[in-house]
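Trainee: Now for the letters of each chain:
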Amino acid sequence: MSRLVFSLFLVLPSLILAVCGVFWLPFSPTQVVDEPFLLPSLSHLCGTDWFGRDVLARIMAGGRTSWAVAALSVAVGGALGIGLGLVAGYFSSLWGEILLRTSDVIFSFPPVLLAMILAVVFGRGALGVTLALTLFNFPYFLRLTHAGSLTLREQDFIVAAKAGGAGSFRILFRHVLPHLVSPLLVQATFSLGTALLAEASLSYLGLGIQPPHPTWGRMLWEAQSWLGHSLWPAFFPGLVLALSVLGLNLLGDFLRDFMDPRLRPMLNLFQLRRGGRRKGAES
Amino acid sequence: MFRFLVVRLAAMVATVFVVAMAVSLVLTVLPGDAARLVVGPEATPARYEAVRRALGLDLPWPARFARWLAAALHGDLGRSLRYPSFSVAELLGRGLSLTFPLAACVAGVSFALGILLGALCVARLGKLVDLAISAGSQLFLAIPEFWLGILLVSIFSVRVSLFPASGFPGWGDPRAWRYLLLPAAALVFPRVAYFSRLTRAVLADVLGTEFVRTARAKGLPERLVLLRHALRNAVIPLVAGFALTFGRLLAGTLVIEQVFSLPGLGKFAVEAAFARDIPLLLGLAVLVTGTVVAVNTASDLLYAFLDPRIRRS
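Chains A and B are the protein sequences, given in the same order.
Under this note's numbering, the first residue of the first sequence carries the number 851, and numbering increases by one thereafter.
Under this note's numbering, the first residue of the second sequence carries the number 5, and numbering increases by one thereafter.
Since no wrong hints were added, every one of them can be taken at face value.
Covered by chain A, per the in silico footprint, the following chain B stretches (three or more residues, Cβ under 8 Å):
{"id": "1", "segment": "11-24"}
{"id": "2", "segment": "248-262"}
{"id": "3", "segment": "267-281"}
{"id": "4", "segment": "289-296"}
Pairwise CB distance ranges (calculated):
{"id": "5", "chain 1": "B", "residue 1": "S89", "chain 2": "A", "residue 2": "P890", "range": "46 to 56 Å"}
{"id": "6", "chain 1": "B", "residue 1": "L310", "chain 2": "A", "residue 2": "G1017", "range": "42 to 52 Å"}
{"id": "7", "chain 1": "A", "residue 1": "P1062", "chain 2": "B", "residue 2": "V164", "range": "28 to 38 Å"}
{"id": "8", "chain 1": "B", "residue 1": "F8", "chain 2": "A", "residue 2": "F856", "range": "38 to 48 Å"}
{"id": "9", "chain 1": "B", "residue 1": "A302", "chain 2": "A", "residue 2": "L977", "range": "36 to 46 Å"}
{"id": "10", "chain 1": "B", "residue 1": "R57", "chain 2": "A", "residue 2": "G975", "range": "28 to 38 Å"}
{"id": "11", "chain 1": "B", "residue 1": "S265", "chain 2": "A", "residue 2": "G1017", "range": "53 to 63 Å"}
{"id": "12", "chain 1": "B", "residue 1": "R232", "chain 2": "A", "residue 2": "S852", "range": "36 to 46 Å"}
{"id": "13", "chain 1": "B", "residue 1": "L13", "chain 2": "A", "residue 2": "G933", "range": "31 to 41 Å"}
In short, the hints are calculated from the structure, not lab data.
Note that the structure is a prediction, hence the values are computed from the model and not measured.
Glycine included, every Cβ here is placed at the ideal spot set by N, Cα and C.
Can you build the whole structure from these sequences, using the hints too?
Mentor: This is how it looks when you write it as structure tokens:
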């Protein structure tokens, strides 16, 4: 349980800052409020940047965008992947095969390059980034749900439900999906962390949400040219990002170890990608 | 075995083909007027027409793609729009001359160091060394590469001027490596973390098996059990991890190249995205996907070579 508390201790501050940023900010995130390059103090908890803008206000304003983009892309990508994965796994038709191959192709395509191409198509901004991350997230959920429903399909309780006259739709959503909730939850936690990182990378490259609206990635890019004056404006946005991702990774590890050991093998597909634990691989 | 080889190679070619088709379709069919976006609103009609024809926009998409494919099969990927005096192939070659050695070094060093640290963890499972390395791995997997890069610059270039903060003088310069040390370090840390976690996980699994118990029971020193029996059986997931990492690195150095203003593939990718340089983006997509798929196929073949059980099945 202490692992749960520790991981929440890392994630929650960043999430609370972001949610709080929707309703209230200590200062305007885009306007000069004080002298430039003030060190962290009681009036400016994270100091001020090269123009004299409050860094904490900018982190909060950027946080709401980062978290919103990450959460939306995981939710939409997850829903798509789960829906298609259930159908592909349970019916395992030609379409299922085509879906799996498509997800293979997306897997082999580097996410940053995918996002760049979508940025060209949809223009630089929130839409392109969200779509790119959605497309990046969906194969993980597709494969997980597919593998899960393939195994569950042969189980006695499904056969019993079928014999009892339940329709495919009812079986999928009442009998198959509930068994997949915990592995999907674990995957969603890891995906959220990856999406936060990817959004920051794209913003850093200038392909994400455009200035003057602050994002963590863009703040780091801008702060880099002022490193000779002060490290602080580059330090805090990166710290918040790193702590959020670390917290989400630890939370995912905790959830995985906490869930039913019989379901853990389903996650094996993805553990190679994270260099994660393979305990229970043979069970 | 021969059948396996043919199927894998066919799948590889098919993947690259599908990616090229998808990227070409998305880049030139979906948005409004690609040529107008390229030349900008103030361009003369003559320039607009020239770009339109260069992009093949006067043709329907299937014809355009067929033309591109025919040229690409002869090694001609078209001309860049951002750098009109260069062909796409030339630009990719330039980018690769920096990115490929960087990616290879980073992947190799991380692989070796990661396995070493992971094996150390397993040798001292549950002890302080193991906990420290595992915690460090978690930390470095979460730290964004570009933030690490910025921190390294602020320490080793701004505070103490040990290494240059950005740029690259070309391989002819005998001090070229100094420009690559910090970017390589920023790339190596998270990947060492990845390999050490993977090694620890795989080795811990293998150590629970019966042949390890037999090896211990016959009195083999723990060091030999680990190196000669356990590690050899852990080699397949590790090779798979290496293939994944190396394939991803070719496009994965992109952000770090931006941090250190290195003229690699990443620089061209970012510029192409900003300038809507469609031929260059298409070439990049094909090159990168091709490499990822080729490395994965090679690692699949390597399994068969390394593990007789796979070879026979």
